[in-house]
Amino acid sequence: MSMAKPNLEAREKILAKLSGRELVNCFQCIKCTSGCTALKLLELKPHEIIKLVNLGFVDELPSSDIIWTCVTCLKCVQRCPQKASPYHVIMALRNIAVEKEAKVPEGYLKAVSQILETGLIETPKKIVTRKMETVDRDCLKLPKINPPKESFQAVFTKTMEEK
Amino acid sequence: MTRIGVYVCHCGLNIAGVVDVEKVAEYAKGLPDVVVAKHYTYMCSEPGQHMIQDDIEAQNLDRIVIATCSPRMHEETFRRAVAEAGLNPYLTEIVNLREHVSWAHTHEPEKATEKAKALVRMGVAHARLLEPLEKRKVSVEKGVLVVGGGIAGIQTSLDLADAGFKVHLVEKSPSIGGRMSQLDKTFPTLDCSACILTPKMVDVAKHLNITLLTNAEVTNVKGFVGNYEASILKKPTYVDAEKCVGCELCTKVCPVKVPDRFNENLTEKRAISIYSTQAVPKIATINPDYCLRLKYNKGVCGKCQDACEAKAIDFEQKPETVQVKVGGIVLAVGSEVFNASKMVELGYGRFKNVISSIEFERISDASGPTGGKIVSPKDGKTPKTIVFIQCVGSRDKRFHDYCCRVGCMVTLKQAILAREKIHENVRIYVCYVDLRAFGKGYDEFYRSARDKDIDFIAGLPSEIHSAQDGSLCFDVYDKGTNKLLEVHPDLVVLGTGLVPNNDLGNISALFHASRSADGFLLEAHPKLRPLETAMGGVFLAGACQGPKDIPDTVAQASGAAAKAIDLLSSGEIELEPLKAVVDKDSCSGCRICESICPFVAVEMKPEVVDGNERFRAEVIEAMCQGCGLCSSACPTGAIKIQQYSSKQVLTQVQAALTETCTEGGK
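The listed protein sequences correspond, in order, to chains A and B.
Mapping to the numbering used here: the first sequence position 68 is 68, numbers consecutive.
With the second sequence counted from 1, adding 163 to any position gets you the numbering used here.
Please keep in mind that the hints were generated in silico from the structure rather than gathered at the bench.
Among these hints, one or two may not hold up.
What the hints assert, rightly or not - Straight-line Cα separation of at most 27 Å, DSSO-like style, residue types lysine-lysine; simulated pairs: (1) B:Lys-642 with A:Lys-51; (2) B:Lys-642 with A:Lys-5; (3) B:Lys-560 with A:Lys-51.
Please construct the entire structure, taking both the sequences and the accompanying hints into account.
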């Protein structure tokens with residue numbers, strides 16, 4: 001087994017992205033992982049991420065796939081007895097990953113560009129009714145969806161750049 | 164002409180490691196009226212004290228300035244030494260060079276030395292204006308008021324009563340015994356709680372020196388250390404205590420069902436009932452919130468009255484107030500168990516088979532609702548899987564930040580009891596964070612639990628929910644094995660912590676006992692005065708000061724009794740003379756001091772001047788703690804604190820600012 005070396009500088013960068021330093025209070029009660037929605041399918045272990053950050057073993061975290069598995073259900077935030085809030089740590093790691101231009105899962109990038117173009121998280125789709133008819137917005141005489149204004153795109157891009 | 168001696172202490176390297184003590188002593192020599200200035204390794208040691216005493220004699224010193232540690236540490240030591248040399252002890256001035264200088268400015272030795280010089284200069288300025296004072300003696304009442312009849316109050320009362328002091332023991336429930344009387348077995352020896360507690364309860368009732376007041380509450384406290392006067396409200400029980408024989412005929416005929424508080428509401432009893440099987444005093448009490456006769460009108464029910472052969476039922480009983488005079492007070496009001504329904508994710512209150520640890524005690528207890536058979540309250544069946552979950556409400560910033568100090572051991576004990584009672588037919592899990600077994604014999608107890616095939620999971624579940632078939636279900640990740648377990652328990656026991664009493668706010672206000680950040684009552688010093696409050700003559704015993712197990716509670720209770728004996732035994736106490744004094748001629752009678760005094764030590768006394776009645780402030784010396792609030796609030800400067808008059812304080816301020824140390828500059 002190779003020896004682990006803490007990177008305290010990188011650790012401080014992560015801490016600086018958080019509103020407080022509560023995560024250092026984590027005493028590994030494992031509540032976050034026991035209840036993590038993304039654990040069973042995607043093997044996300046929030047307690048492990050907190051411990052890695054606390055000890056400074058953070059070099060591989062921003063480029064790892066695991067930080068993108070969080071489904072942001074916020075159960076860990078609500079139930080953490082030490083207010084260490086793994087969710088916020090994961091979000092900080094994601095932001096660092098983007099800054100470092102590390103690999104970001106395709107789905108996320110797709111979603112972002114779609115929001116930029118259409119202003120919507122999900123594009124309108126055709127659906128099948130109980131009478132087995134396929135309908136879309138036009139059939140239902142719903143108003144047309146306009147693309148977002150330029151100002152929206154400007155704000156959106158700026159937010160992305162700042163983080 | 165004043166002759167001042169200045170003594171600078173090294174405190175080993177505590178002061179001398181930062182402050183140049185030699186320079187400070189040299190500097191002091193140049194200050195006006197200073198006759199000698201010396202420095203020494205340990206001024207508090209015998210040679211150090213002798214040095215001062217010899218100088219007082221040889222140099223005819225009349226003021227002593229000692230630059231050393233905090234006055235809270237050794238002021239008394241030095242005052243005694245000075246008094247032995249024939250000087251009034253209050254002509255001693257302590258300058259704090261340790262807490263205020265060397266420990267505060269470790270990395271700036273030069274600046275620290277300058278600050279030390281300035282403080283010594285101020286000390287010399289103050290010393291010049293010190294006045295000789297005498298301690299005053301007041302007599303003390305020989306009785307003690309003990310509030311709370313749990314194991315803490317019982318132990319304190321018995322110790323005091325055995326030592327020959329009168330004790331008034333006040334308990335708000337109809338019986339003494341408290342939390343301990345609800346427990347089944349006790350860790351780490353597994354002896355039965357009732358077997359070791361009940362004899363003590365009986366001793367309390369029988370002891371000639373103890374007056375037991377159950378169903379009672381302290382409503383008012385007046386007075387000061389050595390001389391308190393308390394009003395105790397005895398609530399009506401509607402049963403004549405002299406006549407009732409505890410036969411329980413009445414409880415068999417009473418038609419009204421009431422939740423049984425002693426059994427944590429797991430069962431019901433009647434509106435007239437005896438508190439518990441081992442109750443002391445064993446007399447029936449009517450709950451007026453439920454009794455039909457008391458709630459409605461004279462015509463209805465009254466079945467208990469008909470059934471009682473001793474003719475003890477008295478619906479006309481009225482509340483009664485008893486006044487007692489005591490020298491000291493011991494607060495032993497205990498704690499409460501955390502209400503686990505606040506932690507919604509664990510389902511307490513929603514699922515009948517999720518219970519708290521105190522409910523488990525009742526279920527496991529032979530005198531409890533199931534006769535000691537461990538069953539699930541949901542279906543009455545013996546559980547096949549029991550899960551204990553630790554740190555419920557404790558070590559949790561959402562609820563209580565502190566460790567409950569009993570949860571781990573309680574769970575180990577209950578897990579062992581479950582194993583012994585259900586044998587190999589039950590799977591027992593303990594979900595924990597850190598397992599704390601710190602007392603004598605506790606770790607051995609932990610190991611004995613490990614022997615009994617109990618599964619310890621290093622991790623807590625996030626939530627408990629019901630599966631489709633209605634059974635309980637939860638996931639828990641074990642950090643030892645990195646496995647996620649799915650558990651289907653028949654019974655979940657929550658390791659609920661201890662929390663401050665709901666009415667601790669009132670108690671704190673009533674006895675002027677402050678509370679710490681965790682909500683419990685605050686001791687005078689966390690290490691050196693753990694049994695006292697800041698209020699003279701008011702002591703603490705048991706879990707009202709912080710969560711405690713039985714051994715710690717009993718130890719503290721005996722300690723509090725010893726403290727009270729210490730106060731009462733000599734029959735009189737000496738009072739510090741550093742108190743507020745009123746100059747009656749300048750007092751305008753505005754009452755600001757009276758309203759501001761936290762110790763209720765100011766009284767407005769009428770006096771007749773030129774045929775007109777007017778009020779003047781008067782300080783009750785024994786109650787005044789010398790805090791100085793009144794003095795700074797007084798608009799006419801009529802109240803001053805001895806040794807800290809405006810003149811005395813301002814001279815020091817001037818010395819700090821002008822580098823001189825005589826009044827008005829030199």
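* Asked: Would the pair Lys-642 of chain B and Lys-51 of chain A pass a check requiring their Cα atoms to be no farther apart than 27 Å?
  -> holds (12 Å)
* To do: Below or equal to 27 Å on CA atoms is what counts here, so check Lys-560 of chain B against Lys-51 of chain A.
  => With a Cα-Cα distance of about 19 Å, the restraint between Lys-560 of chain B and Lys-51 of chain A holds, given a limit of 27 Å.
* Lys-642 of chain B and Lys-5 of chain A: Cα distance at most 27 Å? -> At roughly 22 Å apart (the allowed maximum being 27 Å), Lys-5 of chain A and Lys-642 of chain B satisfy the hint.
Checked against the numbered hints above, the structure breaks none of them.
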